[in-house]
Each structure stands twice: as structure tokens, then as C-alpha cells.
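As given, the protein sequences belong to chains A and B, one line each in that order.
Per our numbering, the first sequence starts with residue 1, numbered consecutively.
Per our numbering, the second sequence starts with residue 368, numbered consecutively.
No lab work stands behind these hints: they were computed from the structure.
Be aware that one or more of the hints could be misleading.
[As the list claims (entries may be wrong)] Computed beta-carbon distance windows for the label pairs:
#1 A:83 x B:695: 18 to 26 Å
#2 B:644 x A:359: 51 to 59 Å
#3 B:645 x A:107: 17 to 25 Å
#4 B:373 x A:342: 37 to 45 Å
As the structure is a computational prediction, the values presented were derived from the model and not from experiment.
Even glycine gets a Cβ: it sits at the ideal position worked out from N, Cα and C.
Number of protein chains: 2
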Amino acid sequence: MKLIIAKENLMSAVMTVSKAVPSKTTMPILECILINAETEKIKLTANDTELGIETTVAGEIAEHGVIAVPADIFTNIVRKLPDGDVRIDTKDETVTIRCGQSRFTIQGRDGQDFTQLPEVDREYAVEITQFTLRDIINKTLFSASTNDSNKIMTGELFEVRDKTLRVIALDGHRIAIRSVELRQSYDNEKAIIPGKTLSEISKILGGDTEKTAKIYFSDKHVLFAFDETIVVSRLIDGEYFMVDQMLSKDYSTHIRIKRQDLLSSLDRSVLLVKEEDKKPIIFLITDGNLELRISSTIGSMDENLAIEKDGQDLNIGFNPKFLIDALRAIDEEEVDIYLQSSRAPAFIRDDSTYCYLVLPVNFISID
Amino acid sequence: MKLIIAKENLMSAVMTVSKAVPSKTTMPILECILINAETEKIKLTANDTELGIETTVAGEIAEHGVIAVPADIFTNIVRKLPDGDVRIDTKDETVTIRCGQSRFTIQGRDGQDFTQLPEVDREYAVEITQFTLRDIINKTLFSASTNDSNKIMTGELFEVRDKTLRVIALDGHRIAIRSVELRQSYDNEKAIIPGKTLSEISKILGGDTEKTAKIYFSDKHVLFAFDETIVVSRLIDGEYFMVDQMLSKDYSTHIRIKRQDLLSSLDRSVLLVKEEDKKPIIFLITDGNLELRISSTIGSMDENLAIEKDGQDLNIGFNPKFLIDALRAIDEEEVDIYLQSSRAPAFIRDDSTYCYLVLPVNFISID
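The following block holds chain A by itself, in its conformation from the complex:
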């Protein structure tokens, strides 16, 4: 195999696929990036068997071939090469990388040993802008669980219904829901996509509002295609939680508050929270005023914020971190919070695009 690829293009392609290289594996071939120039295109692939990424890179094929290169050292070498054309030559499994006056030789592996990406039928795609896809992931994924004991909670539900894509993440303490309107109607789809897949996709997506990403669903897999890249991921098996039953439009207290002010106060309050003793922040809601109190072994904090309020006075405790995450995921200057009682979930929501549910925490006394 003999290839000539501009360093910048090669670097960008390597960075894209390396997101699917497992950090720990017992299969050395998975620690490799496959460089495939058997056809007229140069393709780079990485595959951790749950998640696979393939991207096409522009370049010249002087001799066809395929080789698997160790992802770690190959990425580092490419990153540090001077700008210019990178020449990659293989002789058996020895790979020579040349650029300017620099020449590296490393040991590759037989490309035939590499695990191919699963086939996903690419007939029927749901289309969404790259910006919106990234945005909807970033604004929900923090609510998914990172604890593998309940696999379904580590994923996000992607639900297509007519012209709407709804994305849901939950971890047992909170729920994040975002809906976006699509450009056209689609067949109904439901799939639980692993959080790790979505996290990696959100890092690769350029965030262009003009460019489109296509999503292909199959029984066991989902495939995202954008620019020169495809990301294939296994789906999580099982039925997702019946979230609609947990959502209620009823409330007895409604407050409207400046988002950034509340966020700053909560941000300060966590200074007093130690990992060991999870002290709640207590909201004391009265007409026109929200008092925040927290006290721990480190010290105590007390703040007052102006609010618009209707309904009853209420005292309620929260894990401040969950509120912070939700408030950071909202763009609006002001937010509406709907509450029922000190034991019922709080809803931070607008009419149709987002709903963040946070369960309250019991607290003993408010002094």
C-alpha cells in the first residue's frame, strides 16, 4: 500500500475515528485503526465492537492495500509531523510514515484481522441538522446514568413520531426531555442508543446548522451518517421507561426566575457539599422571594433571589447538582419551575421543547 495524504486531512480523520478505539481491551486488533485503500477511496475505521466509526479521507492511492496500525502511536506521530504531504507505505506489516525530512517506521497488523463494522440497511433515514443533533445530545445526556447496573438508564431514548424527534435520558433521580421538530414527517421509530455512542458523536459533529446528519435505525443497530463519516452503534435491548406517566402538568406553586442568578447561587452552594454527606439545598419559596439555604460540616450559606410566584408558599430540598445540570442545559434567560409539594418532583419546563424533572430530597429542618 502506498498513500499520500495531506497531514491536516489525515489528522482530522484520525481524530474522528480514534473516538471508537477502546481504552482497555483484551483484543489487540481493536487498539488499531484500519487504513483501507483497497478501492478508490481511503477509509479509516475504528471499532470497539459496541461502537464503530468510519471516515473517508481525501488523498492519493499510489498502490492499493489495507493495514491496521496501532491507534495510539499512529495518532501521536501524525499529530507531531510537520505540515505537508504524509506518505504511508507498507511492506508486509511494516509501516513507514514519511513527511518532510522525518521518517517513522512502526509495526502494523494484518488488516484482514480487523473486525468489520456491522451492516445497517441505509434505505430510510431520518434527517436532522448536525447542530440540532449535537445540541439535543448535549442538553440531555448528563441525565443518563453512568452506572452500568441498569443498562437501559445508560442510554437515551430516541423517539421519532411524525414530525418530532424526542430524546429522553433519566437516571432514577431526574429526567431530561428535549423535543425538536423535523423538516418532514417520518415513520415512528424508537431506539435506546448507548450514552457513550452519543457522547462520542457529539464530539465529532461540527455543529453546522446547514449540514445534515442522517440517522438509520435497524433492529439491533443505529447508524449516523454525516460529512464523510459514519458511526454505527449497537442499540440497548429492552423496553424504555414509561416516562409520559411520570409527567404531570399539575402544580400548586409556580415560580419564574432569572436562570443565571439561580445558577450562580447553586454553584456557590455546592462549595459546602462534601461527597460523604450529601446535604440538600433548601428552597424557601414565598411571595416574590426565593431563599436558598444549605448547611454542612464546612459551614452554611444563605441567599435571597427575586422571583415571580403564583400559588402556595413551599419549602423543598434538592441535590443542587441536579438543578445545576438542568439549568446549564437551558438557553433562556428566565425559567419556569413548577412544584406540587415537598415530596413531589419539580419540573423545569417550557411549553414544548424541554422538560427537566428533578426529584426532591428530604430534609429534616430548615433552621
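Given chain A, put chain B in place with the hints provided.
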């Protein structure tokens, strides 16, 4: 005690002194910052008994007093407070910190328990610009040892002779020497200043070429005074190494090379160096050409760089990291390297301001 201090000023003062708060200590009072408003000035002090920092902060004293506050939580609270006037009130050892609508209460400690900074006579100072002091530290300190087994190597020699300040750091594999001309002549001084002290000073110094830092030497201590801050440090006991005897102006090979090109090549070469097997980079010097070679279990690299050369051809091996450190500390576009043999140290030096000595590494074969 009742104080009013603008948040920005308080933050800056806290950040300055917190450099002297020990990360681990068995004496809880040392984890505190002392706030002293017993006189007409508000002074903040931290002291890890090796290194002490004191700074004066502008503010209003409504009631005199002194208190020690836990550095960690106090710093975090001040950082996250909104902009505006911060009010610090104490009642016994309870400290209330107010700013805007926010109020924190934390537990302080009796200020009388705090370890005072050692007294250093401040009659005779060596003066240097803040920029130069920071620069000379940053360009030598990397050569000091971080291994406590030889205490003297963990410090830097500060040597004043007439109009020159010379600073030396060495770790047994390399030596860094920088000289600067002072504005006037001073009495001769010699002191071994702990590397940690110099590292913290270089972080606090603003790098202003107009502003002056004063250095006061005593038998056991050194005191740096700049802006509203003083840094007092113990000196390291003992005689420093006789470095002048190790410096030689003789050479049999001299090369002149573009600094950035050599640095980039060396930077790439370390990709192939694993912690376990410290492979040297081999210089093959011939007329007009420097070939660099390195090979390890990961792979091999080979590069050619244009040089100006006089004297004999030479093959010599180095730990690339030591060369990288030295080259990064030089500003010039081109550097001169003087060599004697494959077993004698290499000197990267100019006529009078810097000299970096690096010992060579034995290598078996060059293929």
C-alpha cells in the same frame, strides 16, 4: 473584626498567598490564611514553615481584629462570590462572608495560633525587574532536581557578583546557567534557594518590565518583596557544587542549527521513548547535516536537519527530554552547540547570558 474589601482585590490577594498553603500538613493552622487587620492595613498571610507569603490588600477596616480562615473553602467561596464589596465579619471564631444577596458562615481559628513569618533584615536589597526575575527562574528551574535525596540539587544557586546575578540549577545529568546584568554593583551574595519557593514566586510575579522586585539575603532566609507582597523562604544549607570547574570552552565539533527545527524533531522522537527503556536519540553529525535516529520497541525514527558545522564529525547520544527542556528555555532562532566527544558533555551556549550543559548517553550501535 469587620472588613470591607472589593471582591476582585480580595480574590487576587487570596490567590497570591494561597501558594504558600501546604497541600498536606499535620498542623491544621497551616491550612489557614491569616487575615490580620490589627493595624491600619489588611494583611493576608500563609506559611508552610519553609515558605511564607504575605500580601496587603486594599479595603476598609470597620473594626480591627485578626482571624485564621481555612484556605481551601475560603478561596472557593471568594472565587464564586458575585462581583462587589465583600464584607467579612467575625464573632469569636465564626466568620461571616457577605456579598450581594449571598451570605456564608464558616468556622475560623484563633489568629494568635498562626505561625509568624521569620524576621529578615530589610536594609540591603538587590534589585531586579519583576520580568527578569521570573524569566531567569523559568529558564533554569527545570534543571533542578525534584528528588529530595540530594537536597542541594532541589534548589537553585543565586549568586550576586558586582553587577551580575547568576542563577544555576543542576540535577546530575544537566546544568542550566543564566546570567543577567544588574543596574548597579552589589556586595557579593550566594544563596541556595529552594526550587519550590522559586516556582511559586514565578507564578505570582506579574512579569512587568517596569516594576522592581527586591531581594534581601540573610544567613538562613531570603526575602523577595514586590508590589504589595513579600515572600520569605528558608535557604538550603550547604555548599553548592563547583560548577565553574565543569564548564569548558574547548570543543572539537561546533554546530549551529535552527532551534525550532531541532526542537520539533526531538519532540517527535520522544513519541518512541517509553518510560521503561530510556532509548537515547543519536546525533550523527557530518558536514552540513545532522541526522537524528532513535529506535525502540515501538518503532524507529530518522530525520535529517541542515546545520552549519565546523570541526570533526561526531556520533553522540542524548536523552531527548534534556535537550528539549534546554532548547525551550532559549529565545534565539538559532543555537550553537559545542561538543568534544561522544562521552563528554554538550554545551548549548551563547557568549555570556546562558549555558545549558547536557551529559551524553551511551549507545551501543548506530546500525
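Given the range 51 to 59 Å, decide if the beta-carbon distance of residue 644 (chain B) to residue 359 (chain A) lies inside it. Distance hint for residue 644 (chain B), residue 359 (chain A) holds at roughly 54 Å.
So the hint says 37 to 45 Å: do the beta-carbon atoms of residue 373 (chain B) and residue 342 (chain A) match that? holds (39 Å)
With 18 to 26 Å as the target window, see if residue 83 (chain A) and residue 695 (chain B) comply at their CB atoms. Holds, since residue 83 (chain A) and residue 695 (chain B) (Cβ atoms, about 21 Å apart) stay within the stated range.
Between residue 645 (chain B) and residue 107 (chain A), is the Cβ distance one that fits in 17 to 25 Å? Since the Cβ atoms of residue 645 (chain B) and residue 107 (chain A) sit about 21 Å apart, the hinted range of 17 to 25 Å holds.
Taken one by one, the earlier hints all hold for this structure without exception.
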